[in-house]
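Fit chain B with the ligands to the known structure of chain A by using the hints.
Residue numbers (our numbering), protein chains in the order written: chain A, 1 to 748; chain B, 749 to 899.
Think of the hints as simulated: they come from the structure by calculation, not from any bench. Source: prediction; values computed, not measured. All C-beta atoms, glycine included, are put in the ideal place defined by N, C-alpha and C. Among the hints, a few may not be true.
With a straight-line Cα cutoff of 25 Å, these simulated DSS-like cross-link-like pairs (lysine-lysine) come out [claimed, not checked]:
#1 A:K207 to B:K836
#2 B:K760 to A:K635
#3 A:K207 to B:K862
#4 A:K555 to A:K730
#5 A:K358 to A:K311
#6 B:K898 to A:K567
#7 B:K898 to A:K201
#8 A:K632 to B:K894
#9 B:K836 to A:K592
#10 A:K448 to A:K391
#11 A:K94 to B:K836
#12 A:K575 to A:K345
#13 B:K759 to A:K635
#14 B:K862 to A:K5
#15 A:K206 to B:K898
#16 A:K206 to B:K894
#17 A:K704 to A:K635
#18 A:K94 to A:K183
#19 B:K818 to A:K206
#20 A:K342 to B:K836
#21 A:K345 to A:K418
#22 B:K894 to A:K201
#23 A:K201 to B:K836
To be clear about the criterion: a stretch of chain B counts as covered by chain A if any three or more of its residues have a C-beta under 8 Å from a C-beta of chain A, and this derived list gives those stretches [as the list claims (entries may be wrong)]:
#24 786-794
#25 800-814
#26 845-852
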Amino acid sequence: MTLVKTFNGRRSFLKATALAGGGMMIGFSWLPSCQSDSNADLTLPKEWFDLNGFLKIGDNGLITIMSPNPEGGQNVKTSMPMIVAEELDVDWEKVVVEQAPLDTKLYTRQFIGGSQAIRQGWHGLRMAGATARHMLKQAAAQAWQVPETEITTAEGVLLHEKSGRSAGYGEMAAAAARIPVPKEVPLKDTKEFKLVGTSRKNVDGKKIVTGQALFGMDYHRPGMLIAMIVHPPAFGMKLKSFDDQSARKMPGIRDIFTIKALQDEYERQYFDTCTFTDLVAVVGETTWEVLNAKKALVVEWELFTAYTESKLTPGGKQTVRFPAGLENSSEHILQMEKEAAKPGKVRRKDGEPEAVFKLPARVIERTYTAPFLAHNCMEPMNFFAHVTADKAELAGPLQKPEYTEKTLSARLGLPLEKIDIQMTRLGGGYGRRSYAHWLVEAALISQKMNAPVKLIYTREDDMTSGIYRPAYHAHYRAALDAENNLIAFQVKAGGIPESPLYADRFPAGAVDHYLAEDWAIESNITVGSFRAPRSNFMAVAEQSFLDEVAEAAGKDPIEFRLELLKKAKNHPVGKNNDYDPDRYAGVLELLKEKSNWEEEIPGIYRGVSAYFCHNSYVAQVLDLVMEQGKPKVAKVTCVVDCGIVVNPDAARNLTEGAIVDGIGNAMYGSMTFRQGEPEMNNFDKYRLIRMEEAPGAIDVHFVKSDIDPTGLGEPAFPPVFGALANALYKATGKRHYHQPFIGNGLAG
Amino acid sequence: MAIFNLNVNGKKTQVDLDPATPVLWVLRDHLNLVGTKYGCGIAQCGACTIHLDGVATRSCLLPVAAVGNKAITTIEGLSENGDHPVQKAWLEHDVPQCGYCQAGQIMTAVAFLKNNPHPSDEEIETAMNGNLCRCGTYLRIRAAVKTASKS
Ligand code: FES
Ligand code: FES
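This is chain A alone, in the form it adopts within the complex (with noise of 0.2 Å):
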């Protein structure tokens, strides 16, 4: 049994309330870590005393676990309410899920964490699940005068066995809440769960398919208006001019006029990325009198010249400059492997690697890149705003209020606490909505015009406004001694603009010599995370180069890597390896048995790829059959070991989409540029992948396991680019170094 405090210093990480009309109420935040020793309360961030969360319990016996966390995909309204609910024991068909009232300034800490949602929120929720059920014994005990060690708890009822007596929750919660909130509560050992660990369905799935699900752009307001903007056509340049002679007229219109979204001086937050900042916006009554007008702008463009930004980033103030320019694809990779061929920054060197590749063995080197990407979010950028003289209300999907809400004080002059911005369901996200420029043109928008105002991106400006996963670049080399073994290693890495490096990730740590040198190269088209950030690149370079050393080291795949995972677990190179081999290996172990790895099977090309990030290992088998000519997904093998998996049916389907979503990116994703302009700008151009080129089935299984949950909407998504590529080479005979491997090597 654990104990957990349920305080830190003097400050409590709970609150209990009773309820008008009987009942209790707990609020807690989804946020603290129970684990900490300290007691000053200064070591703790702020936002984990907020009170985010809460529980009510009715006197009817009633659950309600209100979420603060708005809806994206990841589930998390299902999947954290259930740990609230396994801790205090009851019955998950009396629990109701709301998402938390919006308007309300206790829930000012909404943040969507993606992959890491459920891992910040794990302790959080136990102990308040926890909490309640452990002030409801005492209320019990109290009540019928008996030691509170001889009350159990059963699905949301009170028994103590001795005398017979039993009571539902909603019968004590009202005593329940006249209970000081304990210091500690035990907390359920991990084997006893029997609601975590168990599938349930969607909380919202019947709004969904019946259309009631209100995402931001289903947002409304009487009065309200809609809005759009104009931005630049082309990365490098600026508004100069435009003449709204013909659009001002037009019907439903009521106001064009310009914005800049962020002041040049202004000292950016570290979401605050965007460089087309003056924009115009055209105003009217509905969406299409809107979009009309907008045809009908006629705007004059200019060239901008390099300027720089600063910029609040998690490692300190950081300067990003923005060369001037119209840039080319084309040009870009050339530049990459101009680059490329320079040394680069070191940051990790093990042994004397420059020396061994210069000892005569067999070397290998390869080069692999990939294209910018856009989000491509299905629902388009969008936010709603009201601005008045002494308030900011906002709302919309969004994934980092905390950053963007400074930002917008500081744009409007208005304090913090004068800023409510109100959280809706999102339409995916992916990482591209942290970037919220969009919010604070929506707050400025309304602002001028005096009124409550929705900002829509149509298609075309949400493909085209930025914020892409960056090109990259990466160069390696390997050497293999006379008895096939790994004696040297050697990875380059860089991008456009910026480096997709993680030097302490295998198979650091299992070579002898390693180095590890990065780079980047300016330019002006803004880039930001997409989901799993740079792993999204490194795991494809990386797992289809070891493929291809595996091979000329005359080893199977799978034992080759098992072979390294043992000797960095035995004896391990360096320091900071920031993977644990075990579990490394546990996920290459279990996918060898449940992927039949042994069996061949004729016209069924594998390909195989394993890969840590966000705290999670995942190993994927990919088999491809060839229909026509043309490769087709047969079926992917997936083995995650994410720790408690919650919900596993929700965590499956996750998985199942991160698969999807990466065999499109790899095979079709891709942004080009041509003088400065994205060359895709809606989905006749920007290929994503559809239901036939889907595989024939995703197997997934999660590796049985006690630790805390860590990431999982993430981390199956690197590994499958490099299961993909390396089935390819055992169909096609030819190795894919390019992305997308459509049209670069491969036809379809």
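Relative to chain A, chain B with the ligands alone:
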């Protein structure tokens, strides 16, 4: 501007607007039926799929003037309580992730199954191929259509 008498989800409604307005925006902006989604505006993603006399139609490119007497059905009008067999199959397979594309997926599936109640796997893929799901729920959609075809 012109007046149109529409039959939406079995109810008669009158709207007065630009004849070129796509039905998508008539539903969303004028009739407050926001279950039908905007994804691309160029008939590439299927998020805006509705039924026109039972036929799956992309509403983003359909001018209101072209509707005539045809009955419009949207996701809101598919069933009383979300108990259409296709909706039930969707729940059984717990299909949605973010959910944004799902109204369009369901509307496409319903119209397809009406014409082809017992489709083969290939027929399902062909019918559903025009509907994008960025979250990648295709396998569950496939399975749900199959389940619905059996009910
Ligand atoms: S919005 Fe109509 S097909 Fe995409
Ligand atoms: S469920 Fe998110 S786009 Fe389909």
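If any of the earlier hints don't hold here, list their numbers in rising order. As far as the earlier hints go, 2, 5, 6, 9, 13, 14, 18, 19, 20, 21 and 25 are violated by this structure, in ascending order.
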